[in-house]
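Chains as they are written, first to last, in this note's numbering: chain H, 182 to 607; chain A, 84 to 390.
Hints should not be assumed to be uniformly reliable.
What the hints assert, rightly or not - Quick list of in silico lysine to any residue cross-link-like pairs, SDA-like style, CA-CA up to 25 Å: (1) K146/A / I417/H; (2) K166/A / K607/H; (3) K355/A / V563/H; (4) K301/A / L192/A; (5) K607/H / F230/A; (6) K428/H / N107/A; (7) K355/A / E606/H; (8) K187/H / T108/A; (9) K166/A / T598/H; (10) K185/H / F230/A; (11) K601/H / V350/A; (12) K431/H / Y235/A; (13) K445/H / T108/A; (14) K445/H / F230/A; (15) K259/H / S144/A; (16) K355/A / I402/H; (17) K185/H / L192/A; (18) K245/H / P505/H; (19) K355/A / K464/H; (20) K146/A / E567/H; (21) K607/H / D139/A; (22) K464/H / L225/A.
It is worth saying that the hints were derived from the structure and are not from the lab.
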Amino acid sequence: MNSKLKFIFRISILLFFVISLAYMPAYTQEKPITINIWRHHKDTEINALKDLIKRFEKLHPKIKVNLLSFPFSVFTTKLAIAIATNKGPDIINIHNSWARKYIKAGLIIPIPEKPAYHEKIKKDFFPMLKSFYYNEAYYGLPLGGSNLSLFYNKSLFKKAGLDPQHPPRTHKEFVSMAKKLTVHDKAGRILLSGAAIGMPNGQGWNYFIEGVLRQFGVSIISKDLKSVLWNSPQGIKALRWYTGFIKEHKIYSQTFPVADDAFKLGLSAMMISGSWSIGQLKKNAPNLNYAIAPLPASNKNIRATYGSFWGNALTSNVTDEVRPWAWEFIKFITTYENMKRWTKKTGEVPMRRQVLNDTDFKKKNPLLVTFINQLPYSHSSVKKDETLYKSAITEAMEQIIYNDMSPKKALEQAARTVNKMLRKEK
Amino acid sequence: MKTDLHLNNQNNKHHFKRNALSINTWGILFIIPAATFFLVVNIIPMIYAFFLSFHDWNFLSSKMTYVFLENYINLLKDPLFLKSLWNTFLYTLIIVPLTLAFSLFCALLLNSGIKHVSFFRVIYFIPFITSIIAVGYIWKWLYDPTFGILNYMLAWIGLSCPFLKSTITSLPSIALMSVWKSLGFNIIIFLAGLQSIPDTVYEAARIDGANKWRTFWKITLPLLNPTVIFLTVMGIMHSLKIFSEIFAMTESGGPLHSTQSVVYRIVETSFKSYQMGYGAAMSTILFLIIITVTIIQMKILTKKFNY
């Protein structure tokens with residue numbers, strides 16, 4: 182190669198580097214009215230939303246809706262940075278447990294309507310929506326949600342001589358049936374678990390906080406949100422009952438496969454999970470003969486379960502021009518009709534109270550009936566820093582299970598850790 | 084000389100052009116893109132993290148308050164952080180010596196003239212290039228206390244082990260998996276080291292009547308010193324930063340924080356609890372530990388052997 186050619190060659194490689202560097206952070210220019218939406222990626226949900234977007238664009242041909250999805254692992258980090266630097270979208274979809282943080286940080290704004298409208302939301306939606314309520318205003322609306330119910334394996338019930346039409350209805354029945362269903366080997370190891378209950382992992386800790394504790398008559402958090410109230414004698418009783426599945430009754434064990442796996446493989450006769458498990462079971466264990474029942478109530482007959490949902494909210498980045506249309510879009514997708522479309526594709530339960538009396542819808546979705554009926558008493562209390570809260574509860578349960586700590590000491594330790602966080606966080 | 088150059092310049096017109104952008108300048112120009120990338124992605128965030136470690140900052144809010152050393156003082160009182168430091172130390176203590184010993188042993192076997200060496204090399208190397216998430220899930224099932232194959236085999240001799248599901252055995256279980264995974268890389272490097280030792284040295288030893296054992300200790304190992312240093316430094320750095328193994332195989336570093344490493348705590352604190360300042364203080368401490376350990380190693384291990 183002669184040196185002139187060499188020179189051109191080198192220059193072109195350099196130019197390539199420089200140009201590609203220069204174009205890396207390129208943003209496409211936005212057209213007049215485009216609504217930008219960011220979601221975490223989940224195939225079923227993205228497809229369902231794309232369908233709703235098409236319907237919206239047909240109604241409003243001048244508006245363009247631009248949907249971007251990100252892997253769950255990077256979603257929160259990306260969102261916070263983008264909105265804080267004013268490069269964020271107009272609408273975001275966030276989990277109800279994050280709502281408070283986003284409201285406090287000023288990342289999302291209240292629904293742009295008069296107080297009467299907010300009153301109407303309170304009436305139309307299930308009480309869980311409280312997560313998005315702050316200073317007398319709602320900050321977002323959900324399409325669908327879910328809560329925790331009892332999944333039980335009908336075949337295993339029959340095998341153990343139990344009636345598969347009668348799942349446990351009280352805590353007492355729950356334990357006695359689970360005991361009957363459990364099979365041990367000669368060395369005392371569990372071969373078949375009656376109920377995969379007692380560990381904090383998976384939905385365990387949520388079931389304990391929002392389900393078991395409330396069923397034992399325990400309040401979760403003080404009015405000023407500065408301290409938890411479950412470190413009470415009733416709370417200790419609840420924790421002893423919950424970990425009793427492992428410690429006392431040997432129904433389940435920390436060395437046994439986790440609840441989802443055990444139930445899927447027919448190694449556990451009962452588990453507590455949300456409606457998302459229906460889709461997973463259909464895919465991974467299509468022949469499993471199971472049914473879904475409401476959570477067994479406490480002996481006091483208090484009903485409660487953990488509920489969760491994702492809410493669509495306007496971000497603080499939305500411009501005056503786009504705001505009415507972005508809000509129009511949220512209103513459009515959260516109508517009852519569109520919620521039903523959403524359910525069909527995602528398996529989430531509609532969040533409007535109307536669904537309670539919609540017998541036609543219930544008939545069409547028999548597996549969802551339990552979840553729908555439990556919505557009025559589904560809870561999701563304020564956690565502030567959920568990671569720390571969960572880790573404190575996890576530690577309390579593990580101290581009991583692995584180190585034989587007394588439930589009283591374990592719960593008091595957890596309360597100290599959580600209270601310290603609650604007082605520090607706003 | 085002077086006339087030579089003069090003549091040369093006159094005869095070769097290209098020579099002047101070549102000098103205009105000397106090979107050095109080209110080198111620098113080519114380094115710039117990579118160096119910029121390195122600066123933006125590594126160096127600047129590092130300095131920023133150091134700056135952050137003196138602040139209290141919730142990732143979601145724009146308010147950042149200067150707290151000076153408060154984060155560091157809190158860290159020294161944080162039982163979870165101290166536990167994670169201790170765990171990281173244990174990981175390093177188990178992983179590094181075991182990996183070195185096993186991989187040297189395998190490399191010696193492969194170097195002893197057995198057939199199909201490249202086949203074995205591939206076999207040993209596959210774990211190293213397999214995704215840690217896939218490997219983690221497979222090992223989780225191998226380790227399963229009730230239905231795992233390892234316990235199935237242990238049952239033949241009347242034993243059982245809870246592996247990942249006990250506060251005592253969980254950390255060693257993860258460390259062993261990590262040893263297995265990094266074996267391949269270490270073997271390849273050791274093999275290269277072994278093959279660079281000249282045969283003449285061995286011949287001389289043989290003539291002098293040294294047996295195999297003596298040859299290994301007096302010739303092979305000392306001449307492998309640079310390889311050992313390299314692998315020890317790399318191994319310690321890797322073990323101090325252990326994360327993905329724990330992420331793939333445990334439920335948030337449990338049971339009872341028994342497998343949580345420093346990096347795991349950093350990720351939990353910074354990106355799940357959003358306490359960026361506190362997390363940055365942790366990473367600064369980890370950085371200081373790694374750099375101190377590496378410098379000490381370089382000083383101690385770099386001994387010259389002359390023959």
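_Need the status of pair K428/H, N107/A: alpha-carbon distance at most 25 Å?_
violated, 72 Å
*Does the alpha-carbon distance linking K166/A and T598/H stay inside the 25 Å limit?*
Since the Cα atoms of K166/A and T598/H sit roughly 16 Å apart, the hinted pair holds (cutoff 25 Å).
*asked:* Tell me if the straight-line CA distance from K166/A to K607/H falls inside 25 Å.
replied: Status violated; Cα separation ~28 Å.
*Under the criterion that the straight-line Cα-Cα distance not exceed 25 Å, is the pair K146/A, I417/H satisfied?*
violated, 39 Å
*Hey, K445/H versus T108/A, does the alpha-carbon distance stay inside 25 Å?*
violated, 64 Å
*Can the restraint linking K187/H and T108/A be considered satisfied, given a maximum Cα separation of 25 Å?*
With a Cα-Cα distance of about 15 Å, the restraint between K187/H and T108/A holds, given a limit of 25 Å.
*Hey, K259/H versus S144/A, does the alpha-carbon distance stay inside 25 Å?*
holds, 14 Å
*asked:* Need the status of pair K245/H, P505/H: alpha-carbon distance at most 25 Å?
replied: holds, 14 Å
*Hey, K355/A versus V563/H, does the alpha-carbon distance stay inside 25 Å?*
holds, 16 Å
*Would you check the hint for K146/A and E567/H, treating anything up to 25 Å between C-alpha atoms as holding?*
holds, 21 Å
*Within 25 Å, alpha carbon to alpha carbon, are K607/H and F230/A?*
violated, 46 Å
*asked:* K445/H and F230/A were given as a pair; does the straight-line alpha-carbon distance stay at or below 25 Å?
replied: holds, 14 Å
The earlier numbered hints that this structure contradicts are 1, 2, 5, 6, 10, 13, 17, 19.
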